[in-house]
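Enquirer: Could you build the full structure based on these sequences and the hints that come with them?
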Amino acid sequence: MVDLDYSRAFSCPKCGEIGNIYLVKVAGNKIIIKQRCPTHGGRAFKIPLKDKDKYI
Numbered sequence: 001m002v003d004l005d006y007s008r009a010f011s012c013p014k015c016g017e018i019g020n021i022y023l024v025k026v027a028g029n030k031i032i033i034k035q036r037c038p039t040h041g042g043r044a045f046k047i048p049l050k051d052k053d054k055y056i
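Per UniProt numbering: the sequence shown = residues 1 to 56.
These are calculated hints, taken from the structure and not from any lab test. Bear in mind that the values here come from a model prediction, so they are computed numbers and not experimental data. Don't be surprised by glycine CBs; every beta carbon is placed ideally from N, CA and C. Any given hint could turn out to be false.
As the list claims (entries may be wrong) - Label pairs and their computed distance ranges (CB to CB):
| hint | residue 1 | residue 2 | range |
| --- | --- | --- | --- |
| 1 | L49 | C15 | 12 to 20 Å |
| 2 | K50 | K14 | 26 to 34 Å |
| 3 | K50 | C15 | 29 to 37 Å |
| 4 | K46 | K14 | 17 to 25 Å |
| 5 | P48 | P13 | 30 to 38 Å |
Stated by the list, open to error - In silico DSBU-like cross-links for lysine-lysine, where the CA-CA straight-line distance does not exceed 30 Å:
| hint | residue 1 | residue 2 |
| --- | --- | --- |
| 6 | K50 | K30 |
| 7 | K14 | K30 |
| 8 | K50 | K34 |
| 9 | K25 | K46 |
| 10 | K14 | K25 |
| 11 | K46 | K14 |
| 12 | K25 | K50 |
| 13 | K34 | K46 |
| 14 | K34 | K14 |
| 15 | K14 | K50 |
| 16 | K30 | K46 |
Expert: Following this line, the structure appears as C-alpha cells:
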C-alpha cells in the first residue's frame, strides 16, 4: 500500500499558504470543506464520502 502525502492538500494553489478551515459539513454523499486564504480568498473542497479515509 502506498502512503500518499496530503500535508499540502489544503494549501492555497497560488501562494502555498495554509489558510483557515472554517466549515466542515456532510451534504448527502459528500464532505464539504471550506477554506480561506488570507491573500487570495476562499475555496471549497467536495470529497466523496466513500473516499474520505484517503483524504482525511
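Enquirer: Against this structure, judge whether each hint is valid.
Expert: The hints, checked one at a time:
1. L49 / C15: 12 to 20 Å: Given range 12 to 20 Å: violated, Cβ gap about 30 Å.
2. K50 / K14: 26 to 34 Å: At roughly 30 Å between Cβ atoms, K14 and K50 fall inside 26 to 34 Å, so the hint holds.
3. K50 / C15: 29 to 37 Å: Given a distance of about 32 Å, which is inside 29 to 37 Å, the answer is holds.
4. K46 / K14: 17 to 25 Å: Holds, since K46 and K14 (Cβ atoms, about 20 Å apart) stay within the stated range.
5. P48 / P13: 30 to 38 Å: violated (20 Å)
6. K50 / K30: holds (8 Å)
7. K14 / K30: holds (25 Å)
8. K50 / K34: Distance of about 19 Å is within 30 Å: holds.
9. K25 / K46: holds (10 Å)
10. K14 / K25: holds (25 Å)
11. K46 / K14: The hint holds at about 19 Å.
12. K25 / K50: holds (15 Å)
13. K34 / K46: holds (9 Å)
14. K34 / K14: holds (16 Å)
15. K14 / K50: With a Cα-Cα distance of about 29 Å, the restraint between K14 and K50 holds, given a limit of 30 Å.
16. K30 / K46: With Cα atoms ~6 Å apart, K30 and K46 stay inside 30 Å; holds.
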